[in-house]
Structure formats: structure tokens, C-alpha cells
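Enquirer: So the chains spell out like this:
There are 2 protein chains.
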Amino acid sequence: MDPVEHLIALLSRLPGLGRRSARRAALRMLADPRALMLPLSDALRAAAEAVTPCGICGNLDATDPCRICANPERDQGLVCVVEGVADLWALERAHAHAGVYHVLGGTLSALSGTGPEELRVAPLLRRAEEGPEGGGVREVILALPATVEGASTAHYLQDRLAGAPVTVTRLAQGVPIGGSLDALDDGTLAAALRARR
Amino acid sequence: MDPVEHLIALLSRLPGLGRRSARRAALRMLADPRALMLPLSDALRAAAEAVTPCGICGNLDATDPCRICANPERDQGLVCVVEGVADLWALERAHAHAGVYHVLGGTLSALSGTGPEELRVAPLLRRAEEGPEGGGVREVILALPATVEGASTAHYLQDRLAGAPVTVTRLAQGVPIGGSLDALDDGTLAAALRARR
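Residue numbers (my numbering), protein chains in the order written: chain A, 1 to 197; chain B, 1 to 197.
No lab work stands behind these hints, which were simulated from the structure alone.
Note that beta-carbon positions come from the ideal geometry of N, C-alpha and C, so glycine has one too.
Be aware that one or more of the hints could be misleading.
[Unchecked claim] Derived DEER-like restraints, expressed as beta-carbon distance ranges:
no.	chain 1	residue 1	chain 2	residue 2	range
1	A	A151	B	E49	47 to 57 Å
2	B	P65	A	T63	11 to 21 Å
3	A	Q173	B	T63	17 to 27 Å
4	B	E5	A	G18	21 to 31 Å
5	B	R13	A	A96	52 to 62 Å
[What the hints assert, rightly or not] Per the computed footprint, the stretches of chain A lying under chain B, defined by three or more beta-carbons under 8 Å from a beta-carbon of chain B, are:
no.	stretch
6	4-15
7	57-67
8	81-91
The shape of chain A in the complex, shown without the other chains:
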């Protein structure tokens, strides 16, 4: 296959790049391969070879345990459960969480056939059951998406964690900072009203 066509076909499989932008990107890079094309090739290989899931939390990093789990300044007793690594990164960018994480790898979904075995539920229960006594977990924060699947997954985890010596909390729901009421969906408005303080 023609190397340019092959490159465009692969580029267009990146999320956010259609066939048209893949063509533009390929052309831009081909105009001066040393500027971006060869460095990007190297960076893709380097990341593919270096990055592994953290054995503790499931984060993707070049070290295992990841830099968050290995950081003694993070509160190892405060575990924030997220659906995926993207959510973990978002919380890190917000500097919102001083503890550590647990990446679930998805949410429960009868529709797509995702059960507890497909997710990292068992490792979470193990972490929680060590409890504060074992130098382990004190609180589990369920930071799952505010969708039907996210809510039912949170509900399921709350059930499973009921016997463990940890406090289980959930993210607050309500009006986003800077959000005008007018632009919000009805569900969020109703939830914010119910959860008024």
C-alpha cells in the first residue's frame, strides 16, 4: 500500500481527526518530516513501550506503581474511584484531589454486557478491606459519571463496600460553577434543587 495513503488511513482513526484533517495533518508533516513527523513517530513508540497500567490504581504511567500511588505526599487513605484514566487526569488538572485513585475501567452496563468481572471491582474491594488499620484506605469517593450507568455502578459499589471498614462518599451534584440555570438540563436543575443546603 502507498505509504501516504496508509498513514492517512491510520491518522483518521484517531479520535477527533476525520479523513479530511488526517490528510491535512499528513501533508503538513510531510512538508518537513524532521520537524514533527519523526519526533512523533519516536514519541509514539517511546510511550507505547514505557507506559503501563499502575498495578495499584490502574492509572497509565511510565512507572509502576504510578507517580501518584508512589507519592508519599498524597493521602493514601483517600481513594477516588473514577471510570477511566481521562477522568483521573481531569481531576489532576483541577488539583482537586489530595488522595489517590482507583480506575474502574468502565461502568456497569447491561446493554453492553459489562459486569463487575469486566471492571476492576475486586481490586477495589481488596484495597477497601485492608481498612485504616492496615495502613490502608479510610474513605472511598465515588466520582463516577452522572449518567444512568454511572449511578447504578455507584449504587452497586456502595452495596459491595458496605461491609468494609471505610466511609463511602459520592461527588456532589448540582449547578456547575459559572453555569447559568437557563442552559442546564432539567435533571441537573431538579437534582440541584433537591440537594439544596
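Assemble the complex: chain A is given as a structure, and chain B must be docked to it using the hints.
Expert: Chain B only, in chain A's frame:
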């Protein structure tokens, strides 16, 4: 530097990918590096090493001369002058041109200081001056963008080609196929009216 951060920084320099989509693309690839990440790394390197500008027309291809210049079924006497390789590819996708091309590499612009020496003007003049007698060029089609720079570049080339034994033509301007008059800019409407047949 962290390999993931480095990868995201390079990905976000691709046209069409912002920092946010670069992050999404990196995460998606890291989830299964064998699926897309390593093939893309190889494809980037392969294309960077194989692809060169065609010595005749300036097209980017894995062979030199490119497959269009080397194709005996293309009309080598009919040369279509385009601003860049992207325009050449667009004409090829449209199967609109049975001849060959000449990639100018830009348009004249006093603002950005692009003069004839920065563009592939001299090679075009050499191609044109061989004329039909030398088995060379019969007609030069100026397919430059319908912008101020494109128009002044076309004008300049028409002047320079005046002495060569070739016919110089330009793309027709007018209403795009499927274009509603209502959505068109005034300049296109006026040009289409002036060029009525």
C-alpha cells in the same frame, strides 16, 4: 520529560487536534498500543523516509518522478499549476484533470515576503519554454486559489508565460455546483454574473 506529556504535546501540534483531543487520542492509543500506536509510529517513519518531492512537478510521493508524472496515460502536455500538494490531491480525488501538475509551493505575497524566488516559478517557466515541439507542454492551466494573492500570482505567471509557446488558461469562477445563491458571498455572485454565458 514524561513520555505521555511529550506525546500529547507533539500530537497537539497536528492541525485539527487541540490539546483536549490530543489527550483523548493519546489515552485511546495507550489503552491498546498494538492496535494503533505502534502501527502509526511505523507509518510515520516509513512515510517520512519514503516520500520526497517529485523533481518534475513538486508533488509528494514515494517515487521520483511521482506516479502522475511517470504515468504515460496522463496528458504530459497539459500542466495544471496549483498552490500546494493539498490542491493537487483535491483535483485528483475529483478525477477532474487528465494532465499533469506543477506545484508552486505557495502564492506571491508582499505581506509575508513571498517572491517568485521562494516559489517554483523558474521550473514552471522551463517546462513551458520547451513547448509542444520538444514533446513538452501545450497548455498551462492556472488553478490558483480565488484570493487576492492567488489572483495576483496568476496575473504574474500569465505575464511571465506570455513569451512561451503555450496556451495559458485559468479555472472558471462562478457559483459552486449545489451552492444556493443566498449563501454565496458578494464577490462570487458578482464574478458569476460578469462571467455569464
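Enquirer: Give a verdict on every hint.
Expert: How the hints compare with the structure:
The beta-carbon spacing between A151 of chain A and E49 of chain B, approximately 51 Å, falls within the hinted interval of 47 to 57 Å. In this structure the supplied range 11 to 21 Å is violated for P65 of chain B paired with T63 of chain A, their Cβ-Cβ distance being about 50 Å. For the pair Q173 of chain A and T63 of chain B, the beta carbons lie near 60 Å from each other, so the given range of 17 to 27 Å is not met. Between E5 of chain B and G18 of chain A the CB atoms are about 26 Å apart, so this pair conforms to the stated range of 21 to 31 Å.
For the pair R13 of chain B and A96 of chain A, the beta carbons lie near 28 Å from each other, so the given range of 52 to 62 Å is not met. With 8 residues carrying a beta carbon less than 8 Å from a beta carbon of chain B, the stretch 4-15 of chain A meets the three-residue requirement, and the given coverage holds. Counting residues of the stretch 57-67 of chain A whose CB lies closer than 8 Å to any CB of chain B gives 3, so the stated coverage by that chain holds, three being the minimum. With a cut-off of 8 Å between beta carbons, the stretch 81-91 of chain A has 4 residues touching chain B; three or more are needed, and the interface restraint holds.
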